[in-house]
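Here is what each chain is made of, one letter per residue.
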Amino acid sequence: MRTLIFKEIDDLIIDSLGIVCFISFFVGGVVSIQTALNLTNPLIPKYLIGFATRQSVILEFAPTFISIIMAGKMGSFITSSIGTMRVTEQIDALEVMGVNSLNYLVFPKIIALLLYPFVIGISMFLGILGGWIAAVYGGFASSNDFITGIQQEFIPFHIAYAFIKTFAFALILATIPSFHGYYMKGGALEVGKASTVSFVWTAVTIILVNYILTQLLLT
Amino acid sequence: MIEVKNVEKSFGNAKVLKGVSTIFETGKTNLIIGQSGSGKTVLLKSLLGIHTPDKGTISFDGRIYSDLTPDEKRALRTEIGMVFQGSALFDSMTVEENVGFPLKMFTNKSTAEIKERVDFVIDRVDLKEAHHKKPSELSGGMQKRVAIARAIVNNPKYLFCDEPNSGLDPKTSIIIDNLIHEITVEYNITTVINTHDMNSVMEIGEKIIFLKKGILAWEGTKKDIFKTDNEAITDFVYSSNLFKKIRKAQNKEE
Ligand SMILES: Nc1ncnc2c1ncn2[C@@H]1O[C@H](COP(=O)(O)OP(=O)(O)O)[C@@H](O)[C@H]1O
Ligand SMILES: [Mg+2]
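As they're listed, the protein sequences go chains A and B. Our numbering applies: residue 1 is where the first sequence begins, and numbers increase by one. Our numbering applies: residue 220 is where the second sequence begins, and numbers increase by one.
I should point out that these hints are in silico values taken from the structure, not numbers from a laboratory. Model, not experiment: these values are computed from the prediction. All C-beta atoms in this analysis are idealised placements derived from N, C-alpha and C, irrespective of residue type, glycine included. You can trust all of the hints, since none of them are fake.
Going by beta-carbon spacing under 8 Å, a handful of chain B positions derived as facing chain A:
#1 Ile269
#2 Met301
#3 Phe309
#4 Met324
Which residues of chain A face chain B? A partial, calculated answer using Cβ under 7 Å:
#5 Gln90
#6 Asp92
#7 Ala93
#8 Met97
#9 Gly98
Could you build the full structure based on these sequences and the hints that come with them?
Okay, here's the thing in C-alpha cells:
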C-alpha cells in the first residue's frame with residue numbers, strides 16, 4: 001500500500017507541479033496588469049493592484065481555477081489509467097485474485113490528494129509573486145505599494161475558506177474520475193470518451209460545490 | 220474436478236448460457252470451443268465467480284461455490300489461476316512484480332521466499348531475461364508467458380485460460396498451448412481453456428466441450444471430433460478447408 005501511495009503522489013501531485021507553477025505565475029502577472037490598466041482614476045491608490053491580485057488569486061484563481069485545470073490533467077489521467085485497466089481486464093485480474101479492486105485503486109489516490117492543498121498553496125504564492133513582478137517591472141506600481149496592497153484588509157478566514165474549498169475539490173478530483181474509469185465499458189475508444197465525460201462532470205461538480213461553499217462560508 | 224450443472228446466465232433479456240452441464244477433469248486440459256459470441260467467456264467468468272449464474276451450480280471438487288461463505292470463497296479464489304485473453308498484466312509493474320503480486324497480497328511468505336518462487340516460475344515458463352522489464356517491452360508471446368507464470372505462482376488447483384492464443388502467431392500459439400498442457404499434467408491442475416483455435420484442439424484437446432449459442436452442443440476428445448456426425452460441430456470444425464482435408468485423410472487411414 002505504501003508504494004502505491006507514493007506512486008500516486010508522484011503521478012498526481014509531483015507531475016502537476018510544473019504546469020501549476022507556470023500557469024499561476026503568468027496568470028498572477030496578468031491579473032496584476034489588468035487591474036493596473038483599469039485603475040485610470042488617479043484618486044484610487046496604487047496599492048489596490050496588490051490587493052486585487054491577492055484577493056483574486058487566493059479566493060478563486062488558485063483553489064477553483066487550478067482545480068478545473070487539474071480536472072483536465074489529473075482527472076483524465078485517473079480516468080484513462082483506471083479505464084485502461086478495466087478494458088484490458090486488469091481489474092478482473094485483481095478481483096479473481098481476491099483483491100478489492102475499487103479500494104485498491106481509489107484509496108491511494110484519495111490519500112495522495114491529501115497533499116493537494118500544498119499544490120494550491122504554491123499556486124497562491126506564485127500567483128502573487130507573478131503579480132508583484134509584473135506590477136513592478138511593468139512600471140504600474142512600486143514594490144512598496146504592491147506589498148502594502150497585499151497586506152491590506154487581510155482577513156485570515158479567507159485563507160481558511162480557500163483551503164476548505166481545496167480539500168473538497170481534492171476529494172472530487174480523486175473520486176469522480178476514478179468512478180468514470182472504474183465503471184466504464186468498451187474498448188480503447190471508450191477510454192477516450194470516458195476521460196472527456198469525466199472531465200466535464202468533474203469540472204461541473206467543482207463549479208457547483210464552489211458556489212455552494214462560497215454561499216455557506218462567506219455570506 | 221469441476222462440475223457444472225445446468226448453469227444459466229442472462230444479461231438483461233439476452234440469455235447467454237442456456238443450461239450448460241459438464242465436468243472438467245483434473246490433470247487434463249479441458250477445452251471450451253465455439254464461435255465468437257457463443258458464451259465461452261461468460262461460462263469461464265461464471266467458473267471464476269466474476270459472473271453469478273442465474274440458475275444451476277458449479278462445484279469445485281465437491282465444494283458448491285454458491286453455498287460457500289465469503290471466507291471460503293476467498294480461500295477458493297486463492298486456488299484459482301487465471302490467464303486473461305489480453306494477458307491483463309499490470310502495466311505499471313515489472314515482470315517480477317506482476318508474477319509475485321498474488322504471493323505478496325495473499326500469503327505471509329517472506330520477501331526471500333517470494334523471490335525464490337517467482338524466479339522458479341519465471342524459469343518454468345522460459346523467461347529468464349525478462350525479470351525487470353515492463354509488460355509493454357515484451358512481445359505478445361512473452362506477455363502470455365508472464366500471465367501463465369502469474370497464474371501458477373500460488374500453486375493453483377484450477378487454471379483458467381481465456382483464448383490464450385489470441386494475437387499470437389501459429390507457432391507461438393502451439394508453444395503456449397503445450398506449455399499450458401505440460402504444467403497441467405506436471406502439477407495435476409484442472410485446466411479449462413477457451414478457444415476458437417482448431418490448432419489448439421488438435422494439440423491439447425483432451426476433453427472438449429462445444430458451445431453453440433449458449434447450449435452445450437457436443438462434448439468429446441480430439442479423436443472423437445473428427446469422427447462425429449454431429450452437425451453443429453462439423454459445421455464449426457470444417458469451416459476451414461484445411462480441416463476438411465484432415466478429415467478425409469483420417470477417414471482413409473481407418
Ligand atoms: N457483461 C456483459 N453484459 C452484457 N452482455 C454480455 C456481457 N458479457 C457477455 N455478454 C454477451 O454474451 C454473449 C457471449 O459473449 P462471450 O461469452 O464473451 O462470447 P465468446 O464465446 O466470444 O467468449 C455475447 O453476445 C455478449 O454480447
Ligand atoms: Mg471470449
